[in-house]
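Trainee: Since the structure of chain A is already known, use the hints to place chain B on it.
Each protein sequence line maps, in turn, to chains A and B.
Those letters in the first sequence? Residues 4 to 500, by the numbering used here.
Those letters in the second sequence? Residues 4 to 500, by the numbering used here.
Warning: the hint list may mix true and false statements.
If chains are identical, the list can't say which one is meant, so a pair holds when it fits in one copy or spans any two.
Here are the simulated DSBU-like pairs of lysine-lysine, each with C-alpha atoms no more than 30 Å apart in a straight line [said to hold, decoys possible]: (1) Lys-369 with Lys-289; (2) Lys-52 with Lys-468; (3) Lys-468 with Lys-25; (4) Lys-468 with Lys-499; (5) Lys-397 with Lys-25; (6) Lys-109 with Lys-499; (7) Lys-468 with Lys-293; (8) Lys-359 with Lys-110; (9) Lys-110 with Lys-52; (10) Lys-110 with Lys-369.
Hints listed in this document are in silico derivations from the structure and should not be mistaken for laboratory results.
If you're wondering where the values come from, they're calculated on a predicted model, not measured in any experiment.
There are 2 protein chains.
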Amino acid sequence: MNPDPLVFTRDLILPPPTPSDKTADVDRLLRVLEGLGFGDAQVPLFVAKELPEMLRRNNFAIRVVLSRAGNRTKVLGLGAGAVLGLAIDIGSTNIDCSLFDLESGKKIDEAGIVNPQVVFGSDVLTRAQLAMTGEDRLHDVLLNGINGLILDLCGRNQISRDEIFAVTVAGNTIMAHFFLGLDVRNIPLSPYIPVVNRPLFLSAGALGLAINSRAVVYVFPNAGSYVGGDIISGIICAGINREEEPVLFIDVGTNVEITLGFSDWIMVGAGAAGPALEGGVAAIGKKAEKGTISRVKIDRATGNVEIGVISGGEPEGICGSGMIDLVSELFSAGIIDQAGRFRASAPGTSERAGMKMFTLHSSEGKELAITEKEIDNFLLSKAAMFSFLYVFVKSVGLTFGEIRKVFVAGSLGCGIDPESAINIGMLPDIPRERFISLGNASLKGAEMVLMNADLLAEIEETAAKITYREMNEDAELMSILQGAMFIPHTEPGLLKA
Amino acid sequence: MNPDPLVFTRDLILPPPTPSDKTADVDRLLRVLEGLGFGDAQVPLFVAKELPEMLRRNNFAIRVVLSRAGNRTKVLGLGAGAVLGLAIDIGSTNIDCSLFDLESGKKIDEAGIVNPQVVFGSDVLTRAQLAMTGEDRLHDVLLNGINGLILDLCGRNQISRDEIFAVTVAGNTIMAHFFLGLDVRNIPLSPYIPVVNRPLFLSAGALGLAINSRAVVYVFPNAGSYVGGDIISGIICAGINREEEPVLFIDVGTNVEITLGFSDWIMVGAGAAGPALEGGVAAIGKKAEKGTISRVKIDRATGNVEIGVISGGEPEGICGSGMIDLVSELFSAGIIDQAGRFRASAPGTSERAGMKMFTLHSSEGKELAITEKEIDNFLLSKAAMFSFLYVFVKSVGLTFGEIRKVFVAGSLGCGIDPESAINIGMLPDIPRERFISLGNASLKGAEMVLMNADLLAEIEETAAKITYREMNEDAELMSILQGAMFIPHTEPGLLKA
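With the rest of the complex left out, here is chain A:
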């Protein structure tokens, strides 16, 4: 990829004025920019204010910061030092952010926080409904959270916020609206109308972002109330719009979002899967981060548990991919049955206060255990996910076997073991090499755009191509779902259908 970042610099040497060339300073700069192919460049007033002195201080050599966002070249600044950019994924639960050097294209750092809006409700629709009742702090809380995250990144990397000249933002439709301070109140009500779907180019100053006030902020388009910029960013990350045959993209969060398509058409569906797959199902469930169990093996004979902990050390909980491994291993080792019930006297199980549970790990008086009830909740989520996949793929007349690639994204997507997921009937039983883990695809798509302005047109074309399908309304779904509550399914043939 030839780097073509949203914001870039040019070191220019202008011919100094002479009695026979009295071109004004701004016009002189524009003349040189025109010669470089930026004939449409705009020079804002603040640049015109700074230009004369800077030109004369450096003998008419000057560094300009340029942006071509919005199909128009704009001078964002003069004589800048570093030119940095941020990619931000605003999730309902987590906000993740990467800091880039736009000149080298290198990632400097990344950081994340829990979305501070969670105090208003874990579900994004709950927050939109709160806004409908007059709650007006959701925008401010979100913006303050993001600004705090940015200032943290600046502080620990010893950079000035004024060096950040570009931001790309991907989030679901409601999160993008909250971020922009737009009215979300018509999104939860039929016919579910957002304020804006088109991509936006804004100035950081207008948004109140704690970066250079002239920075360009690109907000991914939505394809409707239920297909936000996060999904489109993920599609771009996976390159679905460039595929020649249908591929599947699964983003697992509080909602399961499924994308199916290729260069000709792209269909997106979403449905509630509960928090199970984000590690929220169990008391010991955690986000995939340092100190979290992401891998589980159980010895078939002894019932001994072997765990893999992210970054090693003493485990503090289990993430989504760990849960998938755990349930798969519990089933394969015969500790739970097809319905997810503990078999009598299975190794590692116990019953306390009337609750049946399995102890995954214990040391120094601390115990990580999972209850039967929690396994039930997990199975409901995995059932929802499989049922959505099945109904979705079938609805376009395809079979699982015809799907050449399955991208798995989301916080769980970083480390999912297809073998385990297929074993429990969460993912279809197709060749393992077709599964591709993307991690936070929404963030990665935002990073790609930051460094490649050519993608902007591709994003718009892709957004226009997407159709949305409401999956919870499908008639066949309930019967598939009921069988999918079992491991792997009451009709295992469906996994290969």
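Mentor: Then chain B, alone, in the frame of chain A:
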């Protein structure tokens, strides 16, 4: 003229959303605007914030305020009441302003103030030099003056400043720089480089103008340090760029600015003429306003003076056109000689404290008189003006007789009597019907653009066509000037040359 104002409104009825048309609000508005030929329209964030509620309050009928300034359609506001515009001429001495209803094209009111920068010096170059020494109040003082003028206009017409959505600004290069807060320090120094010559479209908010912060502010381009937007505006007002044969345009202020040209080429020259022709020469000199003498007749036999006062009543001073009449009449009545000296015992003359003077008017103990010294100053100004005209016209190989039209503008231009001006040798002796008085042509040009966006392209073409000629450097000038100190000239034939 088909009115095509810089800012205009459209009353739109959007099709309300339905389950089969879930287009977002902003996208829906853009779709309708595209159907009206505004496919490039931009919707700023603040409009996106207001749109959902306004649409639903009025059943998707909405009034939008649009601007096409800067070759791009922009939505400036929603649901506005009146849509008004201001044309402003920022002169070094006076600031004049007209208020228009952009929908009807009618002028609502006009007002003017003395440029508050005069406390820093009457000459614009003096002010630029002050800025070079670190004086930083010139922008603020000017802006405050203009804002006061606007608020006055709003108050006395009972309009809200938020109803003003468009402003056109014409001023000389230094005044435009002061208005914009740009660095003027390179203008007075060779090679005399302005910060910007191109036309600018700015938002009122960025400038700090006391009108709707989203209003479009158009600042006329300059054609160099010595050919400002005021001259270009005057050229547009006179239509010089559309003429098929050379015409002359004279703008008389503290400087004499002469434009000569037609559709093929336009040449501008300027030179210092002193304040004489703006009514600043005499103690009784005043701006042409209510209560000022603008016409003088002297009975050849009796020496009785008959005066014409603007709006009638008791006179308080004399303006430029009155001065021209006065000197012409004093000369024709034999009260002054060719050199401007009072003849011995001429009627109306007296000598007090060693100063010879002529009493123009006296009543109730108040006397308006002019001294010989003041007549001398006036003759220097008229000599400068004629000499510039002569040298200028001759330099392109033309004679006065070949000039088909002579536009006379400036505060004095409103009422100049060509007969008097020719009589004293200030204007060339050509057929009287070729003289056309324009008054404040710079303001009128600004008014025209406010109501006709088509002129924007014409202005840019015109600005590119202008060449500047420094007149004070002309070798022949001094000899012409010396003769022109006499009435009408020591070589009267030059008046027809």
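Trainee: Pop the pair Lys-110 and Lys-52 into one bin, within, between, both or neither, using alpha-carbon distances up to 30 Å.
Mentor: neither (33 Å within a copy, 34 Å between copies)
Trainee: How would you classify Lys-468 and Lys-293 at a CA-CA limit of 30 Å: within, between, both, or neither?
Mentor: neither (39 Å within a copy, 69 Å between copies)
Trainee: Could you place Lys-468 and Lys-25 in one of the four classes (within, between, both, neither) given a Cα distance threshold of 30 Å?
Mentor: between (51 Å within a copy, 15 Å between copies)
Trainee: What label fits Lys-109 with Lys-499 when the C-alpha limit is 30 Å: within, between, both, or neither?
Mentor: neither (42 Å within a copy, 76 Å between copies)
Trainee: As a check of your reading, is Lys-52 near Lys-468 (CA-CA no more than 30 Å) within one copy, between copies, both or neither?
Mentor: between (44 Å within a copy, 27 Å between copies)
Trainee: Is the C-alpha distance from Lys-359 to Lys-110 at most 30 Å within one copy, between copies, in both cases, or in neither?
Mentor: neither (46 Å within a copy, 85 Å between copies)
Trainee: If the cutoff is 30 Å on CA atoms, where do Lys-110 and Lys-369 land: within, between, both or neither? Let me know, please.
Mentor: neither (38 Å within a copy, 83 Å between copies)
Trainee: Regarding Lys-369 and Lys-289, is the shortest C-alpha distance of 30 Å or less found within a copy, between copies, in both, or in neither?
Mentor: Answer is within; shortest intra-copy Cα gap is 16 Å, inter-copy 95 Å.
Trainee: Given a CA cutoff of 30 Å, do Lys-468 and Lys-499 count as a within-copy pair, a between-copy pair, both, or neither?
Mentor: within (28 Å within a copy, 76 Å between copies)
Trainee: Within, between, both or neither: how does the pair Lys-397, Lys-25 come out at a Cα-Cα threshold of 30 Å?
Mentor: For Lys-397 and Lys-25, only the inter-copy Cα distance (26 Å) is at most 30 Å; the intra-copy one is 71 Å.
The structure does not agree with the numbered hints 6, 7, 8, 9 and 10 stated previously, though it agrees with the rest.
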